[in-house]
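Residue numbers (the numbering used here), protein chains in the order written: chain F, 1 to 306; chain X, 1001 to 1244.
Keep in mind that a hint or two might mislead.
Listed next, the in silico BS3-like pairs over lysine-lysine satisfying Cα-Cα at most 25 Å (straight line) [said to hold, decoys possible]:
(1) Lys1242/X / Lys3/F
(2) Lys1242/X / Lys57/F
(3) Lys1212/X / Lys134/F
Please keep in mind that the hints were generated in silico from the structure rather than gathered at the bench.
These figures come from a predicted structure and were not determined experimentally.
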Amino acid sequence: MIKSEHLCKRYGSLTAVDDVSFEVRPGEVLGFLGPNGAGKTTTMRMLAGFVVPTSGKASICGHDVEQDALAAKSSLGYLPEGAPAYGEMTVRGFLEFIADLRGLVGARRARLGHVIDRLQLGEVLSQSIDTLSKGFRRRVGLAQAIMHDPPVLLLDEPTDGLDPNQKHEVRALINEMARDKIIVISTHILEEVDAVCNRVIIVARGRIVADDSPQGLAAQSRYHNAVSIRLERGEQLPAMQSALAALPAVAEVEVSGRESRLTALPRQGSPILQAVSDLAAREGVELKELHLESGRLDEVFRTITA
Amino acid sequence: MRNVGIIVRRELGGYFSTPIAYIFIVIFLAVASWLTFYLGQFYERGQADLDPFFTFHPWLYLFLIPAISMRLWAEERKSGSIELLMTQPVTLWQAVVGKFIAAWIFAGIALALTFPLWITVNYLGSPDNGAILAAYIGSLLLAAGFLAVGSFMSALTRSQVVAFILGVVGCFVVLLAGYPMVTDAFRSWLPQALVDAIASLSFLTHFESIEKGVLDVRDLVYFAMLIGYFLIATVVVLDVRKAE
Ligand SMILES: Nc1ncnc2c1ncn2[C@@H]1O[C@H](COP(=O)(O)OP(=O)(O)OP(=O)(O)O)[C@@H](O)[C@H]1O
Ligand SMILES: [Mg+2]
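Bound-form chain X, shown alone (with noise of 0.2 Å):
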């Protein structure tokens, strides 16, 4: 445990002392409050609530998230660092979760700077308070489910770029897993009952019904066991591949 605060702390430094988390979440931001304003016509609509904001927190987070999780593994291989890190008391476990943990305090932060959204709904009318803190949290672990696709994909590479592919096409999957454009590739050659268990795997149904403002267990639960699983395979890859 202690291992994986100090490896938290140090990535997160990381992402500090150079310019890619200062450009990260200014381009958050503005494409956040693009699509909500122009897209998603948050004063037309006449309604105080932030739907037009999360709505599009999927699409935003496709792109986004695999920019943060493109080099978790990627430019640890390519640097050689591995090799150091994983030649210092620590297990591979806490490397992996360390890892995770702060690229999502990482998105975290950004999400949280988005509050002067939330200021102005309470200040143009009065919103449903919870349901917003519900659609952030909801917001959250979706940002956590993407990261752990990202992980996964970054682990499997020395390339950044090729991370960010793979991770972009692998939140895709995951994030569509629902819907006919995914499961009509899987149709054709697997069993149906694999095709459902694909397409219970959806993110975007899970994160729209916590988006409505209902936060259900049976959501958590699914959001926890994506994670974990990919988390998993994370540690997997990293324990056959790592000095490769």
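Okay, chain F solo, but in the shape it has when bound (with noise of 0.2 Å):
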């Protein structure tokens, strides 16, 4: 269990964390998400043990990250914010130096291949850290990172740098390792969230301004339960216009002629999804597509931190 009590870092004036208390059990996958310089990287390195609170304090399995910080950073795996490493090692001496660290000996040891394997490092093996595009020194961190199976996992904007394909493999790897582990990723990708998170928490200049699951969230969107319809026929656009306005549980109605599609706001999130089935049906309007919204979850975050 990650166990984070009201932890505060100040930087002389500036507060980059305030007051920031949460839980993470096991089994949860929880997105950090906020705006540039909401203070995540800085929540996520007074985890790590790696920033010393200026109050507060957290512990990562029950260990104390400052008392009993060989314990916490045993059962923790740490991806840093832009994947620090030693440049002028190769990949192989790199993660070898790591797996030296935390203990891979003996059958342990196996580990470190299926990690190379599974990140598809293969190839860069030989190759010195400095070298490495991007993507490739992100899969190393976290390589890195996940090595040693920790039970406890805090990755810093993980895919940030990948290809559409590696994005793809490293959230099948969270969910893959989500069963058992705590894990708590940051990211600027809120299609990462739906992706791979179930919990998720949200700040701004340091306080946590919501704390929900993704669906919760999506819920506090104006897009939720709205539908949107696409016409057949562009000319039949204004007419179904007003008849959907005129609709009671309709809040508003946005239009996009390019595409001829017309988005409903339900009022108050009631579902309205039959309502403007039946209207099209009545009108005589031939639908190309009907689509239920569950919410834009970018539309929350910019409302929530506004």
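Can you join these two chains into the complex? Each is in its own frame, and there are hints to help.
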């Protein structure tokens, strides 16, 4: 379990992290979101025992990160922001160094080869880290973080710089590990939240402003339960728009003339799908597409952190 | 202990995976020889010993050792790898000692490569090899002392250039602590007892006594304490400032 109790970090007059408390349990994949400079990295650094909090405390699997630092670090896999590494080392040399420090000896050493395969690092093993592309560098950082199969993973922007295939791979990897681990990832990619997280914390200016499931957050969106339709014949657009707006359950209608698309936003998130499809049938409007929205995280994110 | 060994191995590998190590060794050997043969008048003196060689070591090390030690922590902070290292299950102590030992071994390798000089004096005459061994040990201790000072200076900054300059100044002060140019600087504003204490810390007096071939326990204790003191200071500084 990760436990953060009233963590604060001040740099001079700037409060980077302000009274952040939360707990994360096994099986939870926590997405840590927030605008640039919100304090995500600083919080993760305090959990990893790298930055000493100004006040408050944190523990990893019951080990206080300051009093019992070695035990806490042993239970932790940590990918620092920007995936720092020893640039002059080869990928193989670097990973073996970490494996040595992590005490991967005997049968457990096989994990190293397994992780290298899983992150497809085979082809760059003898290249020096300085000469790697950004995505490969990130994958080396990930390999470093997961090789000892830790119960807790803290990953600061794990998919930053990865190509779409690798993003997919890494998300699959996170999902695989999610069952028995505690995983915290910080990210700016909101689709990632849907892909891997079952809990979201949003921070802004150092404070937690939302702590919910991705579905719960999406439900706060104006677009929650909104229905968007595309018309077969564009000339029916104005008529359909005013018909939709006249429905009592519809709060607002957005138009995109180029795509002949109408989006009906419900009042208080009440379901309107049936009403909209009935209306189309009544008006004799042929639909190319009918789509129920669950809510837009980016819009919620903007509203909450503005 | 295991972790210290792992860090020593990585660091040593780091030295030799870039050309810097080889350039350093070549410069060290070239300057050491030049000082010995020209300034030290190795041949002209007509004596079979290595005095002209060892006499210049403090001055040679004054610039070359900070060149080794400047990267110890400054580079680690600049590249951010310190965050990686400090979140592995190693203590700050293990990291500081491991890096120090690796740098010392590296300096030792450079020093060991001066062995042709030793062969030369043995070929030319019959020197006191015991005294030469003592002088080599003294030189190694001197290097270790400077490295400990340099390690501390490197922990203070993210810039290797600043670490180098601080290293040279720091080494200069401990080297000449007993000499007027340093004591005078302190005499005006420190009590006499403190000035004497600083003076007794001088590297040069201790090195010179070993260099004469006398391995006194007090000199060994002096170097051990001084190294320990600066390594403790390195740990303290890093503990406070590692993330800044
Ligand atoms: N060592 C430091 N000294 C001074 N200020 C710092 C330091 N580290 C972080 N800060 C400040 O703390 C605040 C939070 O930074 P942090 O890196 O945690 O943000 P973040 O949420 O990770 O942002 P991003 O999304 O850009 O990665 C920022 O205003 C930053 O400038
Ligand atoms: Mg960040």
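Which numbered hints fail: 3
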